[in-house]
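Trainee: Single-letter residue listing:
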Amino acid sequence: MNLLRKSAVREFLRILIAVSAALILGFVITLLVSKQPVEAYRAFLLGPLSRFNRFGDWIEESITLTLVGLAVALVFKSKQFSLGAEGQILLGALVSGSIALFVPLPGYVRVPLGLLAAMVVGFLWGYLPGYLKAHLNANEIVSTLMLNTIALKIYDYFLIFHIKPPNAGYNASETFTKDGILPSFVPALPFLADLRARFMSQTNITVMLYLAVIAFLVAYYLMYRTPFGYELRMIGANIKFAHYGGINVKRTIVLAFAVSGVFAGLAGAHLAMGIHTKLIQNISLGIGFEGIVVALMARNNPLFVPLSALAYGYLRAGADIMERSSDVSREMVLVIQALIILLVTAERVLPVIQQRVAARRNAQPTPSLAEGGE
Amino acid sequence: MAALVEMDQIVKIYPNGVVANDGVTFSVERGEIHALVGENGAGKTTLMKILYGEERPTAGVIRINGKPVHFHSPQDAIRAGIGMVHQNFMQVPSLTVAENVVLGKEPTRRGLLDRKAAIQITEDLSRQYGLKVDPEATIDSVNVGMRQRVEILKILYRGAEILILDEPTAVLTPQETTELFKSIRTLVKQGKTVIFITHKLREVKEISDRVTVMRGGRVMGTLPTREATRESLARMMVGRDVFLEVSKPPRERGSKVLEVRDLTYVSETGRYILRGLSFNVYAGEILGVAGVEGNGQTELVEVLTGLRPATGGEARVMGVPILNCPPRAVRLAGVAHIPEDRLTNGLALEATINENLIVDRYFRPPFRRGMFIDNQVVREHGKGLIETFDIRTPSGELAVASLSGGNMQKVILAREFSSRPQLLIAAQPTRGVDVGATEFIRQQLVEQRNRGTAVLLVSADLAEVMSLSDRLIVMYEGQITGVFPEASQATEEEIGYYMLGVKRQSPEEMEAYL
Amino acid sequence: MWELVLRGIFSALFVASVLRISTPLILPALGGLISELSGATNIALEGIMLVAAFTGVVISAYTQNVWLGVIAGMLSGVLVAGFLAYFHLYLKADLFLAGIAINIMATGGTIFLLYVLTGDKGSSSTLASKAVPVVNIPIIKDIPVLGTILSGHNIFTYLAFILTWLVSVFLYRTPQGVHLRAVGENPEAAASLGIDVRRVRLGALLLSGVLASLGGLNLSMAYLTLFQREMTAGRGFIALAAVFLGGRTPWGTLIAAVLFGFFDALSNQLGSLAIPSQWVQMIPYAATVLALVVYSLRQRAQAIERARRFQEKHLAETHATGD
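Protein chains in written order, with this note's numbering: chain A, 70 to 443; chain B, -11 to 502; chain C, 199 to 521.
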């Protein structure tokens, strides 16, 4: 988009190669550990498309991943390495879940209120490290990691000591009532009643689908069509240039962190009011870090985040299915994810491979070759 | 007997075509203090980099004690007994003086660093060469003068017989400079040889035995210092190699645009970089600031553009104060800035040309429409400027990184000029730019001036600043030491004297013309 | 009730438990310190610990030899760190992202292999892995109070303190350590003196892998003799925080790590009294953020103070010399 057209194509190719290589390696691993590797890997690669409820799971996961990916892309684009998504998600879940459980308002008020509250909390929990970074030059990696844990403790505290029903065995809240969960994405209109029933029996896809699309559009427009987005991108491109040109660097950085938090908070609300429909321990499960992978594959461009989230979500869903229908555990997908990250971020992998290939092609008999070496 | 160091017909041509050394022959006798002088860009630093093994000559031979040598890296030069003290010290702040001195060649005892030995070594060297240091103090707690002495001790520890000092007094106060000179004399008494790179003629006369003058990559002459006068040295150093033909219709000078009074800036390390500067710039004129780089010009520009705080004084643009304001406020007061370092400040390489062109105006209509930026307007705006300024690129949507150096500079010009400033500050606008673009840039500067903009042109290129300026001031050691109301009537020798501190006008003489 | 708590804290058993709990924090923190000082922040300590914990358990179970398990664990830590170093130093991968990748791979890989080897995704309880010996120091162990505190720990705990001292000696008293710090503070200066910056950083990362692996082994081969999924529980990140909180020095890091351990142990005590432990657990994290703020504020104040001092001094000087 805003890069040299040639280099954009090259980037895309590089990501494609990285993903393919990782998938091939994954297959090799499957070969080694499974008694039925081909079936297992087929389940992995094709599973999410096989049945509708699986397809639904994939879409749900991708919605959360999109929101988190947008959060990370926004803040990474300005070259600020905030890892705070995890904490913002947790607090977003906590706040929206609490509203879902305890605020006695009709559903059509309660749910939007929960979403709003999640966004506000995410904003605030992002503002804090943003301020520290912009005005005090405090290392954002350390501060956001610490704030993540603090958020986790806050979440756990409220969950265990205030939200959990007194006689419950697990550390979890009651399931939200209809007034506290996100409604299905098929609207409750009379002529859609059949469709609605069918969808709701199979999947849990909620109106968050539309909200995610809106969020995506908002993020995209924010980044590429507003003054704030321009400032953010220029700071990421060359912070000295931004300052020289008159951009208020400090204010923009703080806002970048805070706005990122809004998206992460929303993701938390989705986890609470959409996917789980209750508050449980470990509700976020490291998805804040997976957002980093999504953003990385999208090169921090909101335009590509949904695609990246879908791709990544597909792998996750596929891994789940593979586990349920074969003897390969879903954790293999984590290994594949890691390989993708490594290969995508290793900027010299392609050049190194190119060099080796070129060297072989032009190879004169060198002493080492004569000795049978590399 | 052969000289200690002989550099014979050294040629150095960089990959981009610049000829830094053009058949330079340079020799140093054992035990002498040899000053190597020249303006920035004269080639003296390159020559010493070659001697120190940091660069390889394109042609020519180096001989040490009559034997030819080939240096592939500074390690080779060090082994041959050559040591170099750079302008930016290669030290580790949290380590002590002694640890820094022996870094890389530590004395050990049973595998552990022998601290006592390191301190002893440092003290011995310190005493022998009269370089006072505190061996156990950490580098981040000592002053610049001592840090420099530590650098010298470092190279002495590695057996340097020939010491190259690159502009050593650039970072020192006058007192520290005196200390340094005492140390240099002691070094020489102990049998060392010193090559002293500088552009400060006063120091040449004070400390050196012989002096070699370089200009434009060539040696203009080598002579014993007692036979040289500051005037004769200045004449050799400064000269117009390129005759610039710039048509400049005479213009009536307009109202006062920039007023600077008593501008002062003291650095964090305590050096007085700007000492009470006072001058004005009027509409429709180019006020040139001549001077060898390092006399405060960079800081002057940064202070006037909001990139650096001033310690004292005032500056106003059409009555609006601009000191200690953020860059946007300065720009809104009508100031445009072509920065000295275009890659660091002036451009964002990853961003597109169009994006680079709007950094000072994106928040205003027509670029901003309500809450959004109208990208169509941005593109059209870019197209217009690319055409007007002849920026060679197939599209404004490409990254700036795809442009050549000259075209990159044109992007900056296009942006700064098109903001219709009251005051345009241009710092080294043609440095590192190819010939074609240079011509264009100079014409554009004059064009701005013709349109009534007040232009403050800071340039170390004497030819350029002389032919472009209406009025000219010379900066030396943070002060204005001369003003030339009719730049075209001055000679380069004359200005050279001022640039090198040989001559100066009194405040009373200058007052009327500033 | 508070009396009970206080009495619990001021007991030898509690102090001993603090030492025990701090051990898997001190060890990776030392590793983090070394790599941090060389200019390469090792964010993969968590993953390395996990891999080492797993490898130690598996190898010791299959060879029925505790020391082989330990050695294998350490080797695995070095390998993972080497992997990270290779990607960063030679393939120019972003150290930070590569570290995250390693952590993800470690989490997934260990659970995956656990399942393959034992059919259980939760823990390796079906494997008969070994435990490292406990050291009962003769004579000392019989002293009241002191004996409980100082004696009876597994070797890793003693190792943690000994290694802190060794790391300190390494960093400040050996040429290699000085080179490492030089590379971290001013790589250009180090390079100008012939120090191979890349090799030093490689060494630092490998060393941090060794230390982190010891921390991981301590988790799975000391009091617990099994591997559980994700058993590191964020200790690798706490280790990094401890490095920072401790001012990036060996003994400071030790103290910071022990501080984290203290609050962890404290929260256990309170937990048994149905007091929300979360607030106590939160303290060291909040403290780190505060330390970060204080540190940054101090940097800023120092810069302003320096500038002001020089301005005053030189304004005075010019007036004196009548410039």
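Hints were generated in silico from the structure; no laboratory data involved.
Built from N, CA and C at the ideal position, the CB exists for glycine as well.
Misleading hints may appear alongside valid ones.
Here are the simulated distance ranges between beta carbons [what the hints assert, rightly or not]:
1) A:P234 - C:K339: 45 to 53 angstroms
2) A:G176 - C:R498: 27 to 35 angstroms
3) C:D394 - A:N240: 26 to 34 angstroms
4) B:V365 - A:R111: 48 to 56 angstroms
5) B:G19 - C:F359: 54 to 62 angstroms
6) A:R111 - C:T372: 41 to 49 angstroms
7) A:E80 - B:R408: 48 to 56 angstroms
8) A:V178 - C:E428: 33 to 41 angstroms
9) B:N312 - A:G176: 37 to 45 angstroms
10) B:N28 - C:T372: 40 to 48 angstroms
11) A:N240 - C:L273: 50 to 58 angstroms
12) A:R111 - B:G420: 33 to 41 angstroms
13) C:I335 - B:H60: 51 to 59 angstroms
A short list of chain B residues far from chain C (calculated; beta carbon distances all over 12 angstroms) [stated by the list, open to error]:
14) E42
15) K55
16) P62
17) G92
18) G99
19) K142
20) R146
21) K170
22) S171
23) T213
24) E240
25) R419
26) S494
Trainee: In ascending order, which of the hints set out earlier in this document are inconsistent with the structure?
Mentor: Going through the list in order, the structure violates hints 2, 3, 6, 7, 9, 11, 12, 14, 16, 17, 18, 19 and 20 and respects the others.
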